[in-house]
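2 protein chains.
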Amino acid sequence: MIKNDLFLRALKGETVTRPPVWMMRQAGRYLPEFMELKNKYDFFTRCQTPELASEITVQPIRRYGMDAAILFSDILVIPQAMNIDVEMKPNFGPYLPNPIRNEADLANVIVPDIQDSLGYVLDAIKMTKEKLNNEIPLIGFAGSPWTILCYCVQGQGSKNFDLAKGLCFSDPKTAHALLQKITDTTIAYLKEKVKAGCNAIQVFDSWGGMLSPVDYQEFSMQYMQQIVDALKDEIPVILFGKGCWFALNDMAKSGASALGVDWTCSPKNARYLSGGQITLQGNFDPSRLLSPPAAIKKMVKQMIDEFGKDRYIVNLGHGILPNIPIENAGAFIEAVKEYSA
Amino acid sequence: MIKNDLFLRALKGETVTRPPVWMMRQAGRYLPEFMELKNKYDFFTRCQTPELASEITVQPIRRYGMDAAILFSDILVIPQAMNIDVEMKPNFGPYLPNPIRNEADLANVIVPDIQDSLGYVLDAIKMTKEKLNNEIPLIGFAGSPWTILCYCVQGQGSKNFDLAKGLCFSDPKTAHALLQKITDTTIAYLKEKVKAGCNAIQVFDSWGGMLSPVDYQEFSMQYMQQIVDALKDEIPVILFGKGCWFALNDMAKSGASALGVDWTCSPKNARYLSGGQITLQGNFDPSRLLSPPAAIKKMVKQMIDEFGKDRYIVNLGHGILPNIPIENAGAFIEAVKEYSA
Numbered sequence: 031m032i033k034n035d036l037f038l039r040a041l042k043g044e045t046v047t048r049p050p051v052w053m054m055r056q057a058g059r060y061l062p063e064f065m066e067l068k069n070k071y072d073f074f075t076r077c078q079t080p081e082l083a084s085e086i087t088v089q090p091i092r093r094y095g096m097d098a099a100i101l102f103s104d105i106l107v108i109p110q111a112m113n114i115d116v117e118m119k120p121n122f123g124p125y126l127p128n129p130i131r132n133e134a135d136l137a138n139v140i141v142p143d144i145q146d147s148l149g150y151v152l153d154a155i156k157m158t159k160e161k162l163n164n165e166i167p168l169i170g171f172a173g174s175p176w177t178i179l180c181y182c183v184q185g186q187g188s189k190n191f192d193l194a195k196g197l198c199f200s201d202p203k204t205a206h207a208l209l210q211k212i213t214d215t216t217i218a219y220l221k222e223k224v225k226a227g228c229n230a231i232q233v234f235d236s237w238g239g240m241l242s243p244v245d246y247q248e249f250s251m252q253y254m255q256q257i258v259d260a261l262k263d264e265i266p267v268i269l270f271g272k273g274c275w276f277a278l279n280d281m282a283k284s285g286a287s288a289l290g291v292d293w294t295c296s297p298k299n300a301r302y303l304s305g306g307q308i309t310l311q312g313n314f315d316p317s318r319l320l321s322p323p324a325a326i327k328k329m330v331k332q333m334i335d336e337f338g339k340d341r342y343i344v345n346l347g348h349g350i351l352p353n354i355p356i357e358n359a360g361a362f363i364e365a366v367k368e369y370s371a
Numbered sequence: 031m032i033k034n035d036l037f038l039r040a041l042k043g044e045t046v047t048r049p050p051v052w053m054m055r056q057a058g059r060y061l062p063e064f065m066e067l068k069n070k071y072d073f074f075t076r077c078q079t080p081e082l083a084s085e086i087t088v089q090p091i092r093r094y095g096m097d098a099a100i101l102f103s104d105i106l107v108i109p110q111a112m113n114i115d116v117e118m119k120p121n122f123g124p125y126l127p128n129p130i131r132n133e134a135d136l137a138n139v140i141v142p143d144i145q146d147s148l149g150y151v152l153d154a155i156k157m158t159k160e161k162l163n164n165e166i167p168l169i170g171f172a173g174s175p176w177t178i179l180c181y182c183v184q185g186q187g188s189k190n191f192d193l194a195k196g197l198c199f200s201d202p203k204t205a206h207a208l209l210q211k212i213t214d215t216t217i218a219y220l221k222e223k224v225k226a227g228c229n230a231i232q233v234f235d236s237w238g239g240m241l242s243p244v245d246y247q248e249f250s251m252q253y254m255q256q257i258v259d260a261l262k263d264e265i266p267v268i269l270f271g272k273g274c275w276f277a278l279n280d281m282a283k284s285g286a287s288a289l290g291v292d293w294t295c296s297p298k299n300a301r302y303l304s305g306g307q308i309t310l311q312g313n314f315d316p317s318r319l320l321s322p323p324a325a326i327k328k329m330v331k332q333m334i335d336e337f338g339k340d341r342y343i344v345n346l347g348h349g350i351l352p353n354i355p356i357e358n359a360g361a362f363i364e365a366v367k368e369y370s371a
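These protein sequence lines are chains A and B, in that order. In this text, residue positions in the first sequence follow our numbering: the first is 31, and each later residue adds one. In this text, residue positions in the second sequence follow our numbering: the first is 31, and each later residue adds one.
Calculated directly from the structure, the hints in this document are not laboratory data. Honestly, I wouldn't trust all of these hints.
It does not matter which identical chain is used: a pair holds within one copy or between any two.
Here are the simulated lysine-lysine pairs, BS3-like style, with alpha carbons at most 25 Å apart [claimed, not checked]:
| no. | residue 1 | residue 2 |
| --- | --- | --- |
| 1 | LYS203 | LYS328 |
| 2 | LYS327 | LYS203 |
| 3 | LYS119 | LYS189 |
| 4 | LYS189 | LYS161 |
Nothing here was measured: the structure is a model prediction, and the numbers come from that model.
Whole structure, please, built from the sequences with the hints as guidance.
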């Protein structure tokens, strides 16, 4: 049904001639065609207008021909739907003017109806599927409940999310109640995304690496496990935990189809820590795309050799940076397409 | 010669009745007596006035009786001495208005005479030693060359130090020349600190965890190795790399006396990754000091049981946070003093 099914076959662990490739944040600020739309429409307009979101989603595919598309959206649409104000401030990032800091704040947080509150995402998926015309699969995504809690409590990005962790450690009851509301919303949301046509789901635990292994179990993994349990029979799920090397073994046993790893994990360590069987995705340092294109190609070839071409999806170890030259991003993709062992 | 030599004995790997304890940033904003001086004197006045720096250094010792003191200072006194402007902006952190971004910028960077440029630190050490009266050892410190480069190039703190990594990956020659100047300055500086009376040295690689294992070798470890080589016959050296779990094995072979670890490394993983022989230091999550004091005591006891009382120095996994109640910090120290296996 999907013409280029390399990505889906890698998720199943099948043997492939070369690994599939896509890039986290591939629909992003390094692309001139993205910047054109960014300069015309504000962040939420781009997210909430299916014509714009679907156009932005397919822009990098047209230019580079990745093996999977990922819907242009944001993990913070979830708290927004849960009745928590989210603003996107230029040159600052997300800002939540009414953060959740105690039980009273939590009382205002709802588990919303998805069609009512996030129907625009589902429309964007349907429109993107039409544009992709079954050429490649479409990935839908959500933040992990822990990562969403970080923003809901802190109210903005942070070096250490001290307020978010402070709530967890001083008032775990409220923290867990918030995590459960986020989890329930996320599961309902992702199920609707599957119905709308997504072919795989990635859960981003961007701030999981701020927790100790014991606290990770309590405040992140158990909620991601609920998500995997609810979805894995319908669709392949990828778990990506930035800085979560210490949890790879548990993640590998979760029922997820693949695990994302960042560049601090060598391919050898990543295979070892994840038990050697599950499909892995990653892990090129996004800043390494500032090296000259010839050096990028050499490093990508070596990365594939070290991970092995099977049970492997080539990606960055985090989102592509805005200051990457377009030819350097191109060298990354080409190196994979030219790969032979 | 030093009355309480628990810390020095742990660094030598000797058997002790209980592990020693100190806290990174123990002379800091959680202490009301520190805030009194902070409100009266700006950051550089506090660093550059030996009476103030030594007073601040001994404040936490008077209140809690840690087993080691660490000189109040800052890792950015090094670039400042190297002819790079450093400002400390309230509610912002370090700001370097003339960052080093290319070969031309680098030409202005000097390897200074330590007595001329950093004599105030040496005077603060001598004054602190008098105040400590040989009761406990005094730790001197420096940033790792990589971590100092991060600030010199980026010009301020950053989530990903994209500009610093960009220089390394697009113009490695300039990056290495800067790293070598920083290393030469740091070695000369630390040798003077030893002469002035420090009993141990800690090197903080706060941003080493931003690098892949291969890049870590090239841009951080080889320069820390030069520092260890230059100092290890004179004084015990502790290497602390935040997020550097992947480098613990190499660090353990460097000749350092101990390695600091952060809280993402379980005691078992830390012992395994470091080869099981070297003294380890850490690794309580600073945010976990927001738990109730009774819970803190229980977690500290468990942490010591898991690391083992020997070849171990109890510490946090990063600096203590400003919002920690003084009784919670007290519970952390008491739990170690009350420890029995």
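Outcome of the hint check:
1. LYS203 to LYS328: For LYS203 and LYS328, the Cα distance is within 25 Å only across copies (20 Å; inside one copy 50 Å).
2. LYS327 to LYS203: The answer is between: 21 Å across copies meets 25 Å, while 49 Å in one copy does not.
3. LYS119 to LYS189: Classified as both; 18 Å inside a copy, 17 Å across copies.
4. LYS189 to LYS161: neither (39 Å within a copy, 35 Å between copies)
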